[in-house]
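K.L.:
These protein sequence lines map, in sequence, to chains A and B.
Just so we're aligned, residue 10 is where the first sequence starts under the working numbering, counting upward by one.
Just so we're aligned, residue 10 is where the second sequence starts under the working numbering, counting upward by one.
None of these hints come from the bench; they were simulated from the model.
Heads up, a few of these hints could be off.
Remember, identical chains collapse to one label, so a pair may be satisfied in a single copy or spanning two.
Cut-off 25 angstroms, straight-line C-alpha distance, at most; resulting in silico cross-link-like pairs (SDA-like, lysine to any residue) [to be verified]:
{"id": "1", "residue 1": "K283", "residue 2": "S156"}
{"id": "2", "residue 1": "K278", "residue 2": "N261"}
{"id": "3", "residue 1": "K278", "residue 2": "S105"}
{"id": "4", "residue 1": "K283", "residue 2": "V247"}
{"id": "5", "residue 1": "K79", "residue 2": "T277"}
{"id": "6", "residue 1": "K311", "residue 2": "T29"}
{"id": "7", "residue 1": "K278", "residue 2": "G63"}
{"id": "8", "residue 1": "K69", "residue 2": "N271"}
{"id": "9", "residue 1": "K98", "residue 2": "A192"}
{"id": "10", "residue 1": "K342", "residue 2": "G325"}
{"id": "11", "residue 1": "K69", "residue 2": "G225"}
{"id": "12", "residue 1": "K264", "residue 2": "G225"}
{"id": "13", "residue 1": "K98", "residue 2": "S124"}
What you are looking at is a predicted structure, and each value in this text was computed from that prediction instead of being measured.
Chain by chain, the residues run as shown.
Protein chains: 2
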Amino acid sequence: MATIVSREIRLASRPKGIPTAANFTLARVELGPLQDQQVLVRNLYMSVDPYMRGRMNEGKSYVPPFELGKPLDGSAIGEVIESRAKGFKPGDAVASGFGWREYFMASLKDLHPVSREIEPLSVYLGALGMTGMTAWAGLNLVEVKASDVIFISGAAGAVGSVAGQLAKLRGCRRVIGSAGSLAKVRFLQEECGFDVAFDYKAGPVLEHLNLEAPEGIDVYFDNVGGETLEAALSALRVHGRIIACGGISGYNEEKPRPGPSNLFNIITKRLTMKGLIVSDSLDRRDAFEKEMGGYLRAGKLKNKETVVEGIDQAVGAFIGLFQGSNVGKMVVKLV
Amino acid sequence: MATIVSREIRLASRPKGIPTAANFTLARVELGPLQDQQVLVRNLYMSVDPYMRGRMNEGKSYVPPFELGKPLDGSAIGEVIESRAKGFKPGDAVASGFGWREYFMASLKDLHPVSREIEPLSVYLGALGMTGMTAWAGLNLVEVKASDVIFISGAAGAVGSVAGQLAKLRGCRRVIGSAGSLAKVRFLQEECGFDVAFDYKAGPVLEHLNLEAPEGIDVYFDNVGGETLEAALSALRVHGRIIACGGISGYNEEKPRPGPSNLFNIITKRLTMKGLIVSDSLDRRDAFEKEMGGYLRAGKLKNKETVVEGIDQAVGAFIGLFQGSNVGKMVVKLV
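Extracted from the complex, chain A is given alone in its bound form (with noise of 0.2 angstroms):
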């Protein structure tokens, strides 16, 4: 075999509020041969997601921070170009944590075979991936169920395009979202069925929720933290849920910021705030892999993309996902 020429995006520093593209450099290097049990990997697709950022921080959270002049990593999915491990052969689609890299060589045990049977691959990035596996198992961590009102903020996102389609398909009483944009609330209208949507840049959330729930939310689903968290605690009713998923609105901030000045109403209406990461939901991947390809084959979910090309593109896809430049899934295409 050749030697292989890959390209790789590096952390250079830590940025400071917003991430620009000084922060990162495009590095090239050359695989050494392929060892015993290994598997020579092309990516096809990588994944930028907004908690990424947090790891760009010094400091220990729930997973390690990158480290300086290393090349980040996440979720992808390649293609199998050579093998010397019993159970792939070349063209096998395999999911892995080695994105933001064009090649890379890894054992069995850190990849996942994919089917190709759901096109595009990238699915696996999307509604059959993380983000997807993240909005099936927010909705189980509180239980949604067909009575509930359920309000999800960065609808348009990865995650709440798929968790509002799902609380759809539950029977939910009504599916509300917000997103920064006119075109994004048309899209969850139009193609993503929530019940409505709103735009959060014009005017106050609480005003919208008022509006759209006047007796209130029985789930918030959170994927953006700060104003929007405020509003939702006091929209929702006695015994109300939230699944705290994602904080968006704070991610870029250089100091931590106060918390909602409201949180007092967790005490007076009986909330559960929930906490989602989820890694913590692996041990049930065949059954979220089941319920949402069964949906997807049955063409009941839409796994909607913005799709960039190439890995010159990847920072800036990346810093596009807190500028809102991605409808649903933000995915880089390699190949």
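Based on these hints, arrange chain B on the given structure of chain A.
P.N.:
Chain B alone, transformed into the frame defined by chain A:
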């Protein structure tokens, strides 16, 4: 029966910040003749509780606000003086919601008979009453178990002191309390069996927690909110639970305070935070009374009280709650 003259405390004006005596009036009322199906009760003890502060503000919460010019209400234990209702006879002891007054007339549905087996009867305002049941319901709410390290704030108060003793009776690995004076710290350690307690005024709460629970806490029983909640969010372990029971540190704020700036820990550590109001547990009152009564009769649990005497001292006792005057349950003895 002669005319009964009762004294009662009325809300004269809505407090701004910390209540003062000027916000209340002591009025004399003549009680009309006892109606059929009614019972005349003389209160022996009445309760003052921090949650009452919220009811002195305008605006709806989980309980309606007190009305200006009308008597306050709250838990009380009294003795039947005269009965025109089947099932009650003079001398019977009853719990009711007709506190802040010396006598009252009520029908059966508003009275709860209590046994004289455990004395003094003020225990039905404390360990066997609403505050004890709050402690019990809180531990049940997040299923506190023997492997847990639990931290309780406001630990020397009516709810906290019972919660800590119950946690010890459940065999919790470590029970940590915070309170506002060295005398209270000693009380918690020497009389309530807390493994350790600290004075929250002596150094940052998080430093105390890091010292007393270097591997973190599993459960936080929050009675105070504010800085202590923020510290607990930092000290909680992955999958930790918060019982959101009270926020006395903020009850006298004129404007809502911002919430903790580290609320994002709910996501990164997949915490569960649940709001608690004891009235949701009233259908389990029998189970509570059986368990708590058993502990009290067996001498396994202490019902600590701070007692003041006379209805003219009730307002001072109430204001004292916010000055840390009470150890255990603050009780006003009326007879």
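K.L.:
Does each hint fit the structure? Answer for all of them.
P.N.:
Okay, the hints, checked on the actual structure:
{"no.": "1", "hint": "K283 with S156", "in the structure": "both (20 angstroms within a copy, 21 angstroms between copies)"}
{"no.": "2", "hint": "K278 with N261", "in the structure": "between (31 angstroms within a copy, 20 angstroms between copies)"}
{"no.": "3", "hint": "K278 with S105", "in the structure": "between (42 angstroms within a copy, 24 angstroms between copies)"}
{"no.": "4", "hint": "K283 with V247", "in the structure": "both (16 angstroms within a copy, 12 angstroms between copies)"}
{"no.": "5", "hint": "K79 with T277", "in the structure": "between (48 angstroms within a copy, 24 angstroms between copies)"}
{"no.": "6", "hint": "K311 with T29", "in the structure": "neither (32 angstroms within a copy, 61 angstroms between copies)"}
{"no.": "7", "hint": "K278 with G63", "in the structure": "between (31 angstroms within a copy, 14 angstroms between copies)"}
{"no.": "8", "hint": "K69 with N271", "in the structure": "between (29 angstroms within a copy, 14 angstroms between copies)"}
{"no.": "9", "hint": "K98 with A192", "in the structure": "neither (43 angstroms within a copy, 72 angstroms between copies)"}
{"no.": "10", "hint": "K342 with G325", "in the structure": "within (13 angstroms within a copy, 71 angstroms between copies)"}
{"no.": "11", "hint": "K69 with G225", "in the structure": "between (37 angstroms within a copy, 15 angstroms between copies)"}
{"no.": "12", "hint": "K264 with G225", "in the structure": "between (32 angstroms within a copy, 24 angstroms between copies)"}
{"no.": "13", "hint": "K98 with S124", "in the structure": "within (13 angstroms within a copy, 78 angstroms between copies)"}
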